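Keeping their order, the protein sequence lines are chains A, B, C and D.
Letter 91 of the first sequence, counting from 1, is numbered 91 in the working numbering, and no numbers are missing.
Letter 342 of the second sequence, counting from 1, is numbered 342 in the working numbering, and no numbers are missing.
Letter 705 of the third sequence, counting from 1, is numbered 705 in the working numbering, and no numbers are missing.
Letter 44 of the fourth sequence, counting from 1, is numbered 44 in the working numbering, and no numbers are missing.
Any given hint might turn out to be false.
Stated by the list, open to error - Each computed SDA-like pair below joins lysine to any residue, with the alpha-carbon atoms no more than 20 Å apart:
1. K158/A to T48/C
2. K265/C to Y56/A
3. K243/C to D11/A
4. K6/D to R170/B
5. K209/A to D11/A
6. K209/A to E378/B
7. K566/C to Y527/C
Hints in this document: simulated from the structure, not taken from any laboratory.
Predicted model only: the values in this text are computed from it and were never measured.
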Amino acid sequence: MPKWAMVIDLDKCTGCGDCMAACKVENNVAIVSPEQAEENRVMFWMDMMTIYEGEYPNIKVTRIPKPCYHCDNPPCIKVCPVHATYINPEGLVGQIYHRCIGCRYCMAACPYTAKVFNWYEPEWADEFKTCMNPDVSLRMKGVVEKCSFCAHRLQHVKEDADAEDRPINDGEYMPACAESCPADAIFFGDLENKESKVYKLSRSPRAFKELEDLGTEPKVIYLSKRE
Amino acid sequence: MEEKKKTTVDIDEALYRPIYETGKGFYITVGVLLMIILFAAFMYIRQVYYGLGVTGMNQPVTWGFYIVNFVFFIGISHAGTLISAILRLSKAEWRRPITRMAEVITAIVLAIGGLHPIIDLGRPDRVLNIFTAGRLQSPLLWDVTSITAYFTASTVYLYLPMIPDIAKLRDRGGKLRWFYDFLSWGWQGTEHQKKVLNRAINILMVMVIPIAVSVHTVISYIFSMTLQPGWHSTIFGPYFVVGAIFSGIAALLIVMIAFRKFFHLENYLKLIHFRYLSTLLLIMSLLWFYFTFSEYLTGIFGAEPHEMDVILYKMTGPYAIFFWGMVICNFIIPVIVLSFKKFKTIKGILFASITVVIGMWLERLNIVIPSLANPRLELSTGMYFPSLTEWSLFIGALAVFVLGYVLFSKFFPIISIWEIEEGREESIKEVEERVKSYLPGPAGTTE
Amino acid sequence: MEIKRRDFLKLLGSATGAVAVGTYGCHEIIDVPERLIELAKKGPGIETWKNTICGQCPAGCGIKIRLIDGIPVYLKGNPNYPVNRGGMCPSGHSALEVLFNPDRVKEPVKRIGLPGSGKWEKVGWEEALKIISGKLKELRNAGKTNQVAFINGSAQPGLMDKHISQFMKAFGSPNYFKLPSISNKTVPYKLMQGLDQIPSYDLLNTKYILSFGSNFLEEGYSPVYYTKIYSHLRELTGGGRAKLIQIDARMSLTAANADLWVPVKPGTYGALALGIAYVLIREELYDKEFVNKYSFGFNDWVDKKGMTHLGFKSNVISNYYPEQVSKITGVPAETILQIARDLGNNKPAVVLGDEGVVDNTNGTFSQMAVYSLNALLGNFEKDGGVYFVDDPPLADLPEVNEDEIAAKGNRQTPVAKSTDTDYPLTDFSIDAFTNNVLNDKPYPISVLFLYKGNPLFQSINHRDFSEALKKIPLVVSFDPFVTETSEYADLILPDHTFLEKWDEFYNTPSVGFAHVGIQQPIIDPLYNTKNTADVILELSNLIGQSVATALPFESYEKEIRFSTEKLYSSGEGAIITEGVKSSWLEYLQQRGWQIGRYNSFEEFWELLVKQGGWWNPIRTKKDYKDIFKTPSGKFEFYSQYFERVINKLIEKIGGESPENREKVLHSLNIMARGDKVFLPHHEPVPIDESMPLYLVTYKLLTNRDGQASNQPLMQEMFGYTVHEHWNTWAEINPETAQEYKIENDQFVWVESAIGSIKVRARLNPGIMKEVVAVPFGLGHTSYGRYAKGYGVNPYSILKSKYDMINGNQALQATKVKISSAT
Amino acid sequence: MNGEEKKFHDKIIYMAQLASISFIWIFVAGIAVWILNLISISVDLNDAPGASIGISIIAIPVFFTLAGILTYVFVGFHKKNNNIKE
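Make a model of the complete structure from these sequences and hints.
Structure below.
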């Protein structure tokens, strides 16, 4: 059984924000109204953290793309009262929008603030509704959503691989962010496959995980010489 | 005591009076309350229609007033059953006029509090998913279970001691006779019935205390089971229970003072009752401070960075006014007012109780919001301002509480008449016997 | 928020993707063609991919569009396209929001109200073209063809540029201008090297990159290309990796990724560069061979008349010692020493200069100073150095046979050339254009065409420019949206959006190899719009005569075919394909870089369109004589070309005399005198001393010059690094903020002598204490529902100042004060 | 109210009381069934059933005890009543 994981090389990442945009388009993530954005209700499945370190003028800036970490021991699924968020055998932490009752307990429990909530019914101009990604279901008001590692792409990849009767190749299943990263800083693949790039990078001495001491075992691994 | 002996049964008429005499005041009160509740209901329907966006919640402050009020109301509910059970159990004779009042608070407030998580849902239409696809592993469902258990237990515990009084009302006849007949369960006041009732009450009394304690511990689990700084703490269980009893006593005192004033119950609720209860309040205030102190001491001593972020945010951040307000309301004011006999008047106690209730509400706010507003990762901190919807639902909830109380007192005596009678008839002798039995003497003369 | 009844009924609404498109209101779409609705609802869901070129910015990345039943639903970078290699920038991802934008101009319209009133009346294509061609014919008959002007707002070199140029030349007007004129930025290279081109830098083979304000990861000509290179550099961990030093007034995206950020006062980059040159010369770290053999004016020299002239060396040694430079720039002398030594000792090292350096009143001289460092390092045509890329072998359009009227018109002075002595080295200065149009100098303008860009929004002096637009009797805009500028147009002839049209681009500036990108329609036009290139063809046919013969093409698509035919026949380069193995590279280099996979042009063309582009990765090194087209045939520290230009200006106002020379230098805002004028030197920026802080403006990747403001995704992502959405903010150093009692997130007034804007303050340690930084992009007063009224436009408080030599807008020359606004 | 009417009235009331007691039992049984259902789901999904079982061990007896007490009181009251009537 593969275990899907992401490696983000912070030394290569420039913080350009392309992953954020690619993600929003691929996953039909709603764009909230400006007033809502002002109230901190924007929805980014892939967000960007900016850290400033040091004293002027020796300032170091680190920009860290932050998707859902797809923890192996996810604090969010433990608290869900209705099985609306789950971890599958391949390590993907998913969200069932139609079952979610909107209690937002998972959001409160997530140490990484990776989840977002549909405070209102998502709205698009009529024209924009034509160009929605048909592979991803639209969410409704009052449910929690988050990065799925573009799990719908895995479905396509699996179908292709099954049709050709072969295993999934390394790099065949890529989420939108990894695919379009201009710095090639996002890697994605199977952590169980010792030949995969992700496996090798995850063993790098530069590898670290956010808040590793919490024991959540995130499957998004960062590389940086700075820490 | 001399006084009491002289009083005759028709003095207890004062307790029946509110049921049979309906004044203008009653209609006005109910009308005003209904207006408030209707407005709140309108705001809630609006919220269901538009989505939770009408509240002030956001990312990362995903929980706001509703959860604060949920914890707060459930805390208040401890007034009743727990206090009355403890007092009954310890055979404190002065309990007799106050147990019912206390139990009613529990039943009403618990229902209100229990509704809050549903108000908080983004998809209330899917609430049944809890039954069809629930996860008992979620602390939220522990709450559902324990609150249901506590609600059931406390309703039974309110109802059983009411049966003799209901029978009295049935016997007085009137339009609602069938209603009281139904509820009185055929009570005739026979010895056997008394025995059965007493036995049942005794069992319940023992049962209800651990349930009550567990309920609030379980509420605290909602927070402490997560890994969030400021929440992930083992002290939260007892801390919440202490806070709950603390706010419960304060709420009970407020209710008692209100009834004393409006129903002219000075004869039943005497200064001594308030003195005793306020002493308990003082003790709880000190205990509360001790727990708060321990809670923050462990955080500050350990100085884990994220924990410290939250603590500093509470003490110096935008919510500092609420933090220090909480300390003043919950500790400084009650300790000053209740430590000096000079201030320990009815007015003084009322003042202290009100500050404690406000302070405990602030405490819940201080637990829920600052932790959420300070995400562990380097994201911007959040701010939370409740919207009109949240305020109106809060005020609506308070109105439901008052209305519930008003209606209850319209149909049932607010003071347990038969227990007062029992006290008059039997307790003096019984207490004398009992006290004698405590006193040192030859072993084996008493049980 | 408006909620419709049907939404409420759908309280329990559920939707998987396919259902979603159906239930979420396709039946209510009025504007999108019926055909698309039907497809979206009932289509079998067949997926296809098409390659084209992104039109969100001039960088021209190759993109792959995913179509379901012919409807584009997603796009990603074309992994084979050599500029971006599958990478994208955020704004590329919102391309579909351009195509499906609800605020598009759906058919030709005529303005019936005042500018900005938003009152437009439908006018058919035929009628619109009749109005325009009637006017053009009238002007031609009257022999006033020069009264027609055309402003092209795209900085991207491509066929369209040639196409318009051909039309204007055949028609007989010298007034074809490119707005964000690259020529304004090439002046330093012209002066020192004689080339009108932006150089490329071999960053991959260099060890030390010293960047003077060149925010190439964010504001550069192709951020994605440079991001790829940057990330490749980062892969080379350990000793081999190049160090990146960013000199900038604020922590730009590039500075954030640099190994060292050196804050410098705006407008003093040139001084810093010369300070570094001082150390290189003093410590003899420069390339002596190159400097002695291939440069002119390094040492003091004697001209033909026997006069001794000041050389670069003496000038630097006597004026730019580090302590002095430190005083000017605010950079500690030790830092200057350290950088200079690292630069001299880590060869190959390369020096970049752009944005912060160029966008000031002293831009030309500062850029010369920065560029002279490359000469000191002998970087030309070297691995890890500076080089220039040749144009791809595309066919030129046929020679224009000007008739008499056209020839007469073309001989007139262009209206964007200053009539005085200023802006001697530019083709287009918006300042000169505005003033000349307002004063009818040297002649009035009767017709103005506007293609792409939004000059009214993107330029400093809005007010005068809008007056000039009002003065022109017929303004025709080709914009697919109603921008601030098209508000002043009399006619809008909506262009296709870039996903619906044919176009051809080549050689994104500063990208290190020749390449051609083909933009093809990935969907039939949604509305009654036309490719502007085709409209020009139609117009030229309507005008007839020699104008029609100059553009003998049936359609623009045919014209593109025509131009690529030479690409095929030249045998150079190759159509982009999946990667080529390195062993192949060598083989191909020897055999010529053509893979014989296409037997005919038709085959070549089909593959070209399918793959999206052509490139030639092989480039032979050039001789110095080919890259130094200066009077001396060498790299000129002392610009003899500039000397000639100045002398010509002096002639123009009455001949050589100290007064006239003084007059010319004064009008060019040059403070230096004598030989220094022609040498790289530091020109102090005239600043408003009464204001305490510098205003530094910059462009963001999400919305570089405001063109993405009508895309909700880009509006939401606008300030993603500071979590600011749909709004402009000001970066302020925490210490400065403390001084002015300003707290994070509160609103402040940023006030210049021109005006003030109210923005939210964001405290940021990554900015100089004497600087306030505000991004461009927002503050639209038009441009559709998503753009209008959000944020503020910092152009509105910038002082109307220019680099008087090249006409570049001085975006960093304004000083401001801040005060709390709450 | 004559005897006949009273008898009828008493009967109705008695039936209603019985119904309410049965309702309590249905309610309690419902909770038990619900909890057991949740346990079976969590066992099926291998989703930490331990926690559910832990809760159920406490919750189910509590509910049954409460229902039992009510029944005891009801039955107790009426038993004595019948004796009196005899």
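Open item on the list: Name the hints, by number, that the structure is in violation of.
Closed with: Violated hint: only 7; rest satisfied.
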